[in-house]
Each structure stands twice: as structure tokens, then as C-alpha cells.
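Novice: Those protein sequences? They're chains A and B, same order as listed.
The first sequence: position 296 = 296 (the numbering used here), numbered continuously.
The second sequence: position 240 = 240 (the numbering used here), numbered continuously.
It is possible that some hints are incorrect.
One copy or any two copies: either way a pair holds, since identical chains are not told apart in the list.
Unchecked claim - Straight-line alpha carbon distances no greater than 25 Å define the calculated DMTMM-like cross-link-like pairs of lysine to aspartate or glutamate that follow:
(1) 151 with 225
(2) 61 with 21
(3) 259 with 79
(4) 259 with 27
(5) 29 with 272
Rather than coming from a laboratory, the hints here were simulated on the basis of the structure.
Listed here are the chains, written in short residue letters.
Protein chains: 2
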Amino acid sequence: MNARQVGVDLGGTTFTVALVDREGRIDFKSEHDTLAHEGSEAVMGRIAAAIRELLEQAGVKPSELTGIGLGMPGLHDRERGVCIYASNLQWRDVPVRDRFQQWFDVPVVIENDVRCAALGERHFGAGRGVDDMVLVTLGTGVGGAVIMGGKLQRGDGFAGEVGHQTIDPDGMLCSCGNRGCLESYAGAIGIVRRARAAYARRPSDRLREVAGKDLAHLTPKHLSEAAVAGDETARWILSETGRYLGIGLANVVSLLHPKRIVVGGGVARAGDLILSALREEISRRVPYGMDTTEVVLAELGPAAGVIGASTLVWSAVA
Amino acid sequence: MNARQVGVDLGGTTFTVALVDREGRIDFKSEHDTLAHEGSEAVMGRIAAAIRELLEQAGVKPSELTGIGLGMPGLHDRERGVCIYASNLQWRDVPVRDRFQQWFDVPVVIENDVRCAALGERHFGAGRGVDDMVLVTLGTGVGGAVIMGGKLQRGDGFAGEVGHQTIDPDGMLCSCGNRGCLESYAGAIGIVRRARAAYARRPSDRLREVAGKDLAHLTPKHLSEAAVAGDETARWILSETGRYLGIGLANVVSLLHPKRIVVGGGVARAGDLILSALREEISRRVPYGMDTTEVVLAELGPAAGVIGASTLVWSAVA
Numbered sequence: 001m002n003a004r005q006v007g008v009d010l011g012g013t014t015f016t017v018a019l020v021d022r023e024g025r026i027d028f029k030s031e032h033d034t035l036a037h038e039g040s041e042a043v044m045g046r047i048a049a050a051i052r053e054l055l056e057q058a059g060v061k062p063s064e065l066t067g068i069g070l071g072m073p074g075l076h077d078r079e080r081g082v083c084i085y086a087s088n089l090q091w092r093d094v095p096v097r098d099r100f101q102q103w104f105d106v107p108v109v110i111e112n113d114v115r116c117a118a119l120g121e122r123h124f125g126a127g128r129g130v131d132d133m134v135l136v137t138l139g140t141g142v143g144g145a146v147i148m149g150g151k152l153q154r155g156d157g158f159a160g161e162v163g164h165q166t167i168d169p170d171g172m173l174c175s176c177g178n179r180g181c182l183e184s185y186a187g188a189i190g191i192v193r194r195a196r197a198a199y200a201r202r203p204s205d206r207l208r209e210v211a212g213k214d215l216a217h218l219t220p221k222h223l224s225e226a227a228v229a230g231d232e233t234a235r236w237i238l239s240e241t242g243r244y245l246g247i248g249l250a251n252v253v254s255l256l257h258p259k260r261i262v263v264g265g266g267v268a269r270a271g272d273l274i275l276s277a278l279r280e281e282i283s284r285r286v287p288y289g290m291d292t293t294e295v296v297l298a299e300l301g302p303a304a305g306v307i308g309a310s311t312l313v314w315s316a317v318a
Numbered sequence: 001m002n003a004r005q006v007g008v009d010l011g012g013t014t015f016t017v018a019l020v021d022r023e024g025r026i027d028f029k030s031e032h033d034t035l036a037h038e039g040s041e042a043v044m045g046r047i048a049a050a051i052r053e054l055l056e057q058a059g060v061k062p063s064e065l066t067g068i069g070l071g072m073p074g075l076h077d078r079e080r081g082v083c084i085y086a087s088n089l090q091w092r093d094v095p096v097r098d099r100f101q102q103w104f105d106v107p108v109v110i111e112n113d114v115r116c117a118a119l120g121e122r123h124f125g126a127g128r129g130v131d132d133m134v135l136v137t138l139g140t141g142v143g144g145a146v147i148m149g150g151k152l153q154r155g156d157g158f159a160g161e162v163g164h165q166t167i168d169p170d171g172m173l174c175s176c177g178n179r180g181c182l183e184s185y186a187g188a189i190g191i192v193r194r195a196r197a198a199y200a201r202r203p204s205d206r207l208r209e210v211a212g213k214d215l216a217h218l219t220p221k222h223l224s225e226a227a228v229a230g231d232e233t234a235r236w237i238l239s240e241t242g243r244y245l246g247i248g249l250a251n252v253v254s255l256l257h258p259k260r261i262v263v264g265g266g267v268a269r270a271g272d273l274i275l276s277a278l279r280e281e282i283s284r285r286v287p288y289g290m291d292t293t294e295v296v297l298a299e300l301g302p303a304a305g306v307i308g309a310s311t312l313v314w315s316a317v318a
């Protein structure tokens with residue numbers, strides 16, 4: 001079966017468009033600069049041009065297209081297909097669906113990008129066959145999406161903010177204004193902050209080799225590399241990250257008892273350096289936790305976004 | 001329309017049977033001792049006898065009955081109608097549905113008791129018309145049930161354990177083995193423990209008047225009474241209870257963003273003595289929290305259990 005759905009993954013810096021088939025296979029894909037400062041009309045126009053180019057490359061006529069699924073950050077009115085607010089795009093009340101429907105005359109569905117990634121993993125990745133699944137994405141922030149009873153759950157709009165759970169009532173101040181959010185410990189910024197504090201007390205040549213002398217550009221990836229090379233402090237910081245995540249995900253298990261928790265995002269590439277401690281912490285906090293809820297790595301990588309967005313066109317889960 | 005569904009609310013000490021109509025009105029109701037020590041067959045036999053008596057009183061023939069909904073504590077296999085485990089009844093693998101179907105020849109559905117209360121509130125109480133709702137029950141423990149997308153969510157069985165969220169990673173040891181569970185602060189035992197500690201430092205004649213001289217039988221109800229009578233320490237303890245609950249419920253809002261949180265159970269009778277601080281804490285921790293999620297008191301009282309159980313027979317929410 002030929003790919004007939006377009007998935008779009010729109011981020012603050014770049015966007016990706018892809019032609020995806022019903023088995024989640026990407027036929028054609030291209031990546032472009034978002035240039036958000038040019039405004040929503042210009043960005044949408046550029047996305048439309050990229051889609052047309054894609055169809056041409058693939059030899060798919062616009063009339064053969066079954067629909068366009070569009071994932072982007074922020075809060076959306078799904079019924080009206082309007083992006084209510086997306087801070088890193090500076091969009092407010094942008095009628096995304098109407099615009100693309102005018103241009104392509106096919107069904108257009110918009111959804112939050114993390115939820116799109118969850119749909120991608122649910123259909124074709126680490127969440128296959130599971131009706132109760134929570135996705136956690138580890139990147140600059142800690143994002144999340146909840147699928148329960150075989151349906152994406154949005155609640156009143158913001159459901160899935162795994163990273164803004166309080167894990168320490170009087171803890172670190174978070175960018176959201178709360179204290180002690182999981183994200184302020186286990187997001188990339190939190191990880192780097194904890195690492196800097198630890199290395200200030202105990203400098204490491206191994207880390208300097210991968211991250212540079214003054215650690216000015218230190219990232220979680222450097223810590224993974226140093227940890228693999230045997231650096232004890234890096235191992236400790238990543239395992240502490242797992243423990244913090246385990247506290248938050250133990251709460252997810254208590255509240256939702258999902259069959260599977262899928263951990264994605266760039267920072268998750270650290271794998272067991274984070275996941276071992278994470279699983280242990282869930283076991284410590286929920287007696288039945290790790291016997292019943294699996295914690296696994298995401299499978300689709302950065303493509304989860306476009307693949308998931310393409311499923312918006314036909315999926316019952318969305 | 002006449003009441004044609006039987007609801008049963010089976011607890012460790014007493015059970016209630018009621019004939020309930022499709023508008024949630026109780027036509028006939030009776031309460032009995034559970035006598036759990038006599039074993040599951042004896043208890044089920046006593047429930048069946050109570051149901052027969054009820055039908056007779058109401059002039060309803062067994063053949064006119066549309067079904068029996070049975071709420072009880074513990075974990076159940078809903079598909080097979082088996083109570084897998086209920087600690088305060090000492091039941092293990094009890095084939096509840098088969099037994100009652102043999103006796104009454106009508107559909108029999110079993111469900112966890114807190115979830116039944118949630119169904120009751122959802123259909124006929126404080127959750128009317130709301131598809132995304134979380135019930136929290138404040139009693140000896142802190143229980144919960146989750147309705148999302150218009151469906152009761154069970155996850156892999158234990159979904160809804162609001163009280164076993166960690167709100168302080170290194171906090172009080174909880175009966176479940178975890179540290180810092182919400183329940184160990186905001187359950188009746190936790191409330192009384194905090195109150196004893198506070199009054200040890202600052203004795204109160206007002207409290208002694210309602211709770212006795214040595215506070216040996218102190219309950220949250222005594223604290224409410226003393227608070228209403230102007231006792232500052234009691235007010236503080238209850239408001240602290242609200243703050244603890246607010247931390248846990250802020251997490252619920254972050255994760256599920258329900259339209260409504262319904263607070264029930266005996267301790268909730270303290271009303272705004274707890275709820276004011278609770279709402280304030282949610283506002284502090286979730287920027288959009290109290291603008292979008294309502295926190296309201298349950299409306300059905302202890303009858304929520306039998307009423308909700310009766311809806312198991314016909315409800316699409318269950």
C-alpha cells in the first residue's frame with residue numbers, strides 16, 4: 001500500500017514533513033528551517049510548499065492524499081483545528097486546519113507534538129498493542145502523553161505534563177513557577193546543573209576530554225559518554241536522574257497503572273545508565289510496580305513525531 | 001420508572017444493599033453486619049438473603065430485576081467476576097459473579113468500591129456531565145478513582161491510588177512500604193499523628209472538650225469541631241492537610257488535567273477547613289490549575305457506593 005498520509009512535525013527551529021503509509025513506514029521525508037520569526041502565515045506557507053514538493057517527489061497527486069496530520073508544541077483546540085498558543089513559535093489563535101484545508105482540500109488534524117510521538121510509538125513502536133501507555137520524553141524539558149483505555153487523553157487540554165509533577169514540595173524553583181517539579185531535576189538543564197555542582201567538588205579529566213575544559217557547553221550526552229568511559233561521577237549523576245524520574249513515574253503508576261511506560265527523547269539515549277535506577281525506584285515505591293508496568297525505551301527516535309502525526313488522519317486512538 | 005437494579009456496597013464491617021432506579025434514587029435499602037470472619041460463602045449468602053428480603057419489601061419479583069452491581073474493596077478480575085484479593089475481607093479468588101448469577105439469574109458486575117463511589121458521583125452527584133473526573137476519598141486512607149474520556153480507567157488493575165503518590169521522597173514511612181505517600185500525611189491516621197504532635201507542644205482546652213482529656217480517641221472529626229469552635233491549632237492541622245492534598249492533587253492536574261476533582265469520604269466533611277488550602281496549593285503549583293479544574297465536595301455521601309454499584313448494570317462509563 002502506498003503512503004497516502006502526510007505527517008508534519010513542527011518545532012521551534014526545524015520542521016519535518018513526511019509521507020507515511022498505514023504501517024508507519026516513511027516513504028519520503030524532508031526537513032526545513034522553521035524561521036518562526038517570519039510569522040505563522042510564512043511558516044505555514046513554507047510547510048505547504050514542502051508538502052507539495054514531497055508529493056511531487058513521491059508521484060502522489062494531491063487528490064490521492066487522504067489527509068494531513070500536524071504535530072506542534074503548545075495548546076490546541078482540536079475541534080476547530082486552531083493553535084491556541086505555542087510559546088516557542090510565538091503563535092496565538094492560528095487557524096492551522098482551515099489554512100491547510102484551503103490549500104489541499106483534505107482532512108487536517110492538529111495535535112500536540114509529544115502526543116503525536118506517543119501515537120507513533122503506540123501504533124508502530126514501543127507501545128504496540130498496549131491500550132494503557134504513558135510516554136515520557138527526556139529532553140530540555142520532561143514531557144509526556146497519556147493513552148488510557150486505547151484513547152489519547154487530553155483532559156481539559158494539558159493532560160500529560162509528567163515533568164511538572166512536584167517531586168519535592170520545597171525543592172528547586174521551576175520555570176513554570178512551581179517548586180520541585182520533576183523537570184527541574186531530570187530535564188537537561190537540571191541534569192547539567194547537578195553535574196556542574198558535582199564536578200566542581202570533584203573535577204574529572206575524562207569529562208573534560210568529551211565536554212571541554214570549562215564545561216561551558218556540557219550536555220547530558222557528554223555525561224553519557226563519560227559514564228561509558230568509566231567516569232564514576234557521570235554514572236552517579238545519570239543514575240540520580242533515574243531516581244528522580246522513578247519518583248515521578250512511581251506516581252504515574254499509582255495513579256494510572258499503565259501497562260507500559262515508554263521513555264523517549266534525546267536524553268533517553270543514556271539507556272540503562274538512567275533506566276536501571278529508574279526501575280529500581282519504582283519498585284521501591286510501588287509494591288506491584290515493576291511486576292506489572294514495563295518501562296521500555298522508545299523505538300522510533302525523532303521520527304516518532306511525523307509518524308504519529310500521520311496517524312491522526314485515520315487512528316481511533318487519537 | 002421503578003427501581004430494578006440492586007447495588008451492593010460490601011465493606012469489612014458492614015454491607016449495604018439497595019434497590020436503585022436509573023435516576024440514582026434509592027427505593028429500598030438495608031444495612032447489615034459483614035461478619036467477615038465467617039468466610040466468603042457465608043458473607044455472600046447473607047448478602048443474597050438481604051437482596052431477597054429487599055425485593056420482597058419492594059414487591060419486585062426476582063425475574064423483574066435487571067442486574068446486580070457489587071462494589072467491594074480490593075482487586076478484581078472484572079471479566080471473570082472474581083475477587084482476586086480483598087485484604088479487609090480476607091478474600092482470595094472468590095467467584096463472586098458466578099455465585100450471584102446462580103442465585104438470581106441476572107447479570108452481575110463487580111467493581112472496586114472507590115470506583116463505584118466515583119460512578120455514583122459521576123452519574124448523579126458532583127461529577128454530573130463531566131467526562132474527565134477524579135474522585136478522592138478522605139478516610140482512614142486516601143483513595144481514588146479516575147474517569148477519563150467518559151470511561152472508568154483501571155489501567156492494569158490498580159489505577160486510582162491517589163493516596164500512594166509520593167509527596168515527599170524521604171518522608172514518613174507508609175503502610176505500603178513507600179516513604180512519603182500522600183496518605184501518610186492526609187489519611188485519618190496521619191492527620192491524628194500530626195495533631196497529637198502539635199497539641200503536645202500546645203495543649204488546648206477546646207479540643208479536650210470534644211475529644212477527651214488524653215486525646216486517646218482523637219479523630220479528624222474532633223479537629224473539625226474544635227476548629228469550628230475557634231481552636232487555632234485544629235484549624236492549622238486541617239489546613240495543613242489541605243496543603244498536603246493540594247500537592248498530590250496538583251500532580252493529578254498536571255498528569256490528567258481533569259475538569260473536576262470530587263473530594264469525598266468522612267474527613268471531607270471538614271469542607272473549606274481543608275479545601276481552601278487545598279485549592280490554594282493547586283494554584284501555587286499549576287499555573288492554569290484552579291482556572292480550569294474545579295475542586296468540589298462529593299454530593300452523595302456514604303450512599304455513593306450502592307448508587308454507583310447499581311450503575312454497573314447499565315452504565316457505559318463503567
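Novice: Given a CA cutoff of 25 Å, do residue 151 and residue 225 count as a within-copy pair, a between-copy pair, both, or neither?
Specialist: neither (38 Å within a copy, 45 Å between copies)
Novice: 25 Å Cα cut-off: does residue 259 pair with residue 79 within a copy, between copies, both or neither?
Specialist: Between copies only: 17 Å across, 29 Å inside.
Novice: Is it within, between, both, or neither for residue 61 and residue 21, if the alpha carbons may be no more than 25 Å apart?
Specialist: within (15 Å within a copy, 58 Å between copies)
Novice: Between copies, within a copy, both or neither: which fits residue 29 and residue 272 at Cα up to 25 Å?
Specialist: neither (31 Å within a copy, 56 Å between copies)
Novice: Within a copy, between copies, both or neither: where do residue 259 and residue 27 come within 25 Å Cα-Cα?
Specialist: neither (31 Å within a copy, 40 Å between copies)
Hint compliance for this structure: hints 1, 4 and 5 are broken, all remaining hints hold.
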